[in-house]
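Visitor: Those sequence lines, one after another, are chains H and X.
Counting in the working numbering, the first sequence runs from 1 upward without gaps.
Counting in the working numbering, the second sequence runs from 1 upward without gaps.
Bear in mind the hints are in silico, worked out from the structure with no lab data behind them.
C-beta: ideal position from N, C-alpha, C; glycine also.
Careful: at least some of the hints might be erroneous.
As the list claims (entries may be wrong) - Residues from chain H shown here face chain X by an in silico Cβ test under 10 Å; the list is partial:
hint: 1; residue: Thr20
hint: 2; residue: Val22
hint: 3; residue: Phe24
hint: 4; residue: Ala26
hint: 5; residue: Phe99
hint: 6; residue: Trp113
hint: 7; residue: Met115
hint: 8; residue: Ile118
hint: 9; residue: Ala121
hint: 10; residue: Ala181
hint: 11; residue: Ile185
hint: 12; residue: Met219
hint: 13; residue: Phe231
hint: 14; residue: Ala266
Unchecked claim - Okay, the calculated beta carbon distance ranges per label pair:
hint: 15; chain 1: X; residue 1: Lys139; chain 2: H; residue 2: Ala97; range: 53 to 61 Å
hint: 16; chain 1: H; residue 1: Leu220; chain 2: X; residue 2: Lys139; range: 41 to 49 Å
hint: 17; chain 1: X; residue 1: Thr84; chain 2: H; residue 2: Ile185; range: 38 to 46 Å
hint: 18; chain 1: H; residue 1: Gln183; chain 2: X; residue 2: Gly108; range: 30 to 38 Å
hint: 19; chain 1: H; residue 1: Leu142; chain 2: X; residue 2: Lys139; range: 51 to 59 Å
hint: 20; chain 1: X; residue 1: Lys9; chain 2: H; residue 2: Leu275; range: 44 to 52 Å
hint: 21; chain 1: X; residue 1: Pro195; chain 2: H; residue 2: Gly241; range: 50 to 58 Å
hint: 22; chain 1: X; residue 1: Leu56; chain 2: H; residue 2: Glu188; range: 54 to 62 Å
What follows is the residue order along each chain.
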Amino acid sequence: MKKTTRRGIEATLFILPLLTLVLFVAIPLVQAVIMSFSDYDMLSGSREHAFVGLDNYQTVWEKARFWKMAAITGWYTLWSVFGKMLLGLIVALLLNAKFRGKGILRSLLVIPWAMPGIVVAFLFTLFLDSEYGVMNALLLALKLVPEGVPFISRADIALPVVILIGVWKNFPFVALMLLAALQNIPKELYEAADVDGAKPLQKFFRITWPMTFSVWFIMLILQLVGTIKEFDLVYLVTGGGPALATNLVGLDIYDQSFRFFKLGIASAEGILLMLLSLILAFIYYRYEFRKR
Amino acid sequence: MMKLFDIVKKSALYVLLLVAALVLLVPLVMLLSYALRDNSEIITVDARFFPNNWTLSAFFNVFKRSVGEANFIGSFFNSLWINTLSAIFSTYVAALGGYGFIRYNFAGKKLFFFFIFFSQVMPWIVLLIPYYSIMAGLKMLDNLFTVMFSYIIICVPVNAWLFIGFFKEQTPSLEEAAKIDGCSPIGVFHRIVMPLAMPALSALLLFSFIVGWGDFLFSSVLVSSGRNLTLPLLLQTYKGMYFVDWAMIMAVSVIMTVPIVVLFLFLQKQLVNLMTGSLKE
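Please build the complete structure, drawing on both the sequences and the hints.
Guide: Dropping the structure here:
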């Protein structure tokens with residue numbers, strides 16, 4: 001057998017299973033696009049799904065509700081990512097310093113990461129309950145608040161609360177990644193800076209920051225796309241309430257599809273959300289391959 | 001003067017450390033403390049951080065009680081087998097593909113890489129709607145294989161992406177030596193590459209396992225009957241319209257969480273290595 005055909009067969013053996021499974025992502029994606037252009041209402045009972053062009057997109061686009069949800073999703077994503085990146089950076093810098101007991105902190109970081117999302121949701125729902133929650137009992141005992149705070153059932157605090165829960169769940173991952181990047185910086189650079197009499201802040205901005213920027217940037221993109229697709233935590237803690245104050249686009253897609261069975265509308269909203277991820281994925285891709 | 005500054009700096013460091021440790025630890029301690037008490041000490045305006053009476057009654061109730069066809073043992077094994085199989089399958093296929101991706105060249109490689117990356121970052125709900133509609137058409141709803149397969153297809157892109165990063169760092173010298181000794185490429189992969197990748201593999205098996213272990217999104221849509229409930233859905237059944245059995249929810253949560261946290265502690269380093277590998281250029 002010729003050598004090139006042989007290598008071709010070998011490559012196929014390795015790649016084909018993966019390619020097949022990736023197709024199982026691609027096929028539903030195509031189906032989602034088709035659905036977003038059709039009158040796909042499972043409750044209407046008709047089996048035929050007429051092509052309606054951009055009707056679903058127009059319906060979504062003209063709904064004031066959609067834009068409100070988009071704004072909430074935007075706020076949620078920005079603050080959540082900000083919190084994760086900032087806390088991640090602080091904890092990573094803390095763990096990179098020399099002191100006893102940092103091994104314990106490093107180990108503790110796996111707790112939020114490993115805890116199943118649904119468990120986190122139930123735990124915080126109970127912990128923060130306005131009547132029975134231990135959090136309020138503590139605040140009251142310390143006389144920090146006059147009466148129990150309805151963390152989850154008051155419209156103006158529910159969003160910050162779910163953001164904080166998401167930050168708690170996900171910042172350890174950022175911290176561990178940034179820590180690994182910090183530890184990759186050659187010690188000689190700092191030694192040389194010490195010889196030159198550099199101040200700590202100078203060292204941070206002249207060595208630490210430029211040396212870890214690429215990991216930091218990639219984490220930023222990954223956290224943005226990851227936060228846009230967060231669903232479980234918010235849905236299980238607030239269900240989008242109170243008064244739709246935490247109704248992220250993802251939550252509405254879920255309700256539109258699986259409570260009201262308007263799959264066409266839901267797909268249109270889904271495709272819009274996906275375009276956002278697609279743009280971010282593209283930025284990441286360009287960054288990753290910029291020097292090749 | 002310098003010494004004083006050092007002491008202040010050191011104590012600031014430890015205060016920060018203490019705060020961080022508390023923030024991380026308190027929810028887990030709270031979970032354990034909730035699971036070890038009666039509902040009467042949970043649903044009370046005077047809920048304490050630690051209960052007055054420690055009891056294992058919630059755990060006994062979890063094993064005793066069943067709602068219709070749903071019970072803890074059944075759900076536990078449902079979750080266990082679908083996630084074990086999906087973890088093994090998605091990790092194996094991703095390892096195979098990631099290895100092939102690095103060692104061989106083929107047409108459309110860059111597009112393929114982009115799609116792998118994109119399919120791990122796209123919102124899963126966008127995948128779920130057509131998946132649900134396709135599976136409804138095939139009369140495959142309320143079927144645990146359908147749930148398992150959904151976990152496989154959401155795990156595979158991430159795993160493949162991580163393995164591509166991992167194999168990029170590995171030199172092929174040992175593989176070449178084995179090939180000269182007459183070993184086939186697939187043989188080399190199974191006898192040399194896989195055993196060497198064992199730390200990465202075990203970390204990724206765990207990482208894939210927990211995707212479905214804590215999943216609510218896919219299972220809530222794809223499963224309807226009691227005997228097919230997974231653990232996250234079983235938790236939901238304890239949340240009735242008028243009464244929420246918090247003690248049982250917390251007991252099942254402990255059973256779901258503690259083994260995973262312990263495994264994570266052992267595999268943390270491997271997991272971090274694997275993930276940073278994929279971020280290197």
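Visitor: Give a verdict on every hint.
Guide: Status of each hint after checking the structure:
{"no.": "1", "hint": "Thr20", "verdict": "holds (8 Å)"}
{"no.": "2", "hint": "Val22", "verdict": "holds (6 Å)"}
{"no.": "3", "hint": "Phe24", "verdict": "holds (5 Å)"}
{"no.": "4", "hint": "Ala26", "verdict": "holds (7 Å)"}
{"no.": "5", "hint": "Phe99", "verdict": "holds (6 Å)"}
{"no.": "6", "hint": "Trp113", "verdict": "holds (7 Å)"}
{"no.": "7", "hint": "Met115", "verdict": "holds (5 Å)"}
{"no.": "8", "hint": "Ile118", "verdict": "holds (4 Å)"}
{"no.": "9", "hint": "Ala121", "verdict": "holds (8 Å)"}
{"no.": "10", "hint": "Ala181", "verdict": "holds (7 Å)"}
{"no.": "11", "hint": "Ile185", "verdict": "violated (13 Å)"}
{"no.": "12", "hint": "Met219", "verdict": "holds (8 Å)"}
{"no.": "13", "hint": "Phe231", "verdict": "holds (5 Å)"}
{"no.": "14", "hint": "Ala266", "verdict": "holds (6 Å)"}
{"no.": "15", "hint": "X/Lys139 x H/Ala97: 53 to 61 Å", "verdict": "holds (59 Å)"}
{"no.": "16", "hint": "H/Leu220 x X/Lys139: 41 to 49 Å", "verdict": "holds (44 Å)"}
{"no.": "17", "hint": "X/Thr84 x H/Ile185: 38 to 46 Å", "verdict": "holds (39 Å)"}
{"no.": "18", "hint": "H/Gln183 x X/Gly108: 30 to 38 Å", "verdict": "holds (37 Å)"}
{"no.": "19", "hint": "H/Leu142 x X/Lys139: 51 to 59 Å", "verdict": "holds (58 Å)"}
{"no.": "20", "hint": "X/Lys9 x H/Leu275: 44 to 52 Å", "verdict": "holds (48 Å)"}
{"no.": "21", "hint": "X/Pro195 x H/Gly241: 50 to 58 Å", "verdict": "holds (52 Å)"}
{"no.": "22", "hint": "X/Leu56 x H/Glu188: 54 to 62 Å", "verdict": "holds (56 Å)"}
Of the numbered hints listed earlier, the single one contradicted by the structure is hint 11.
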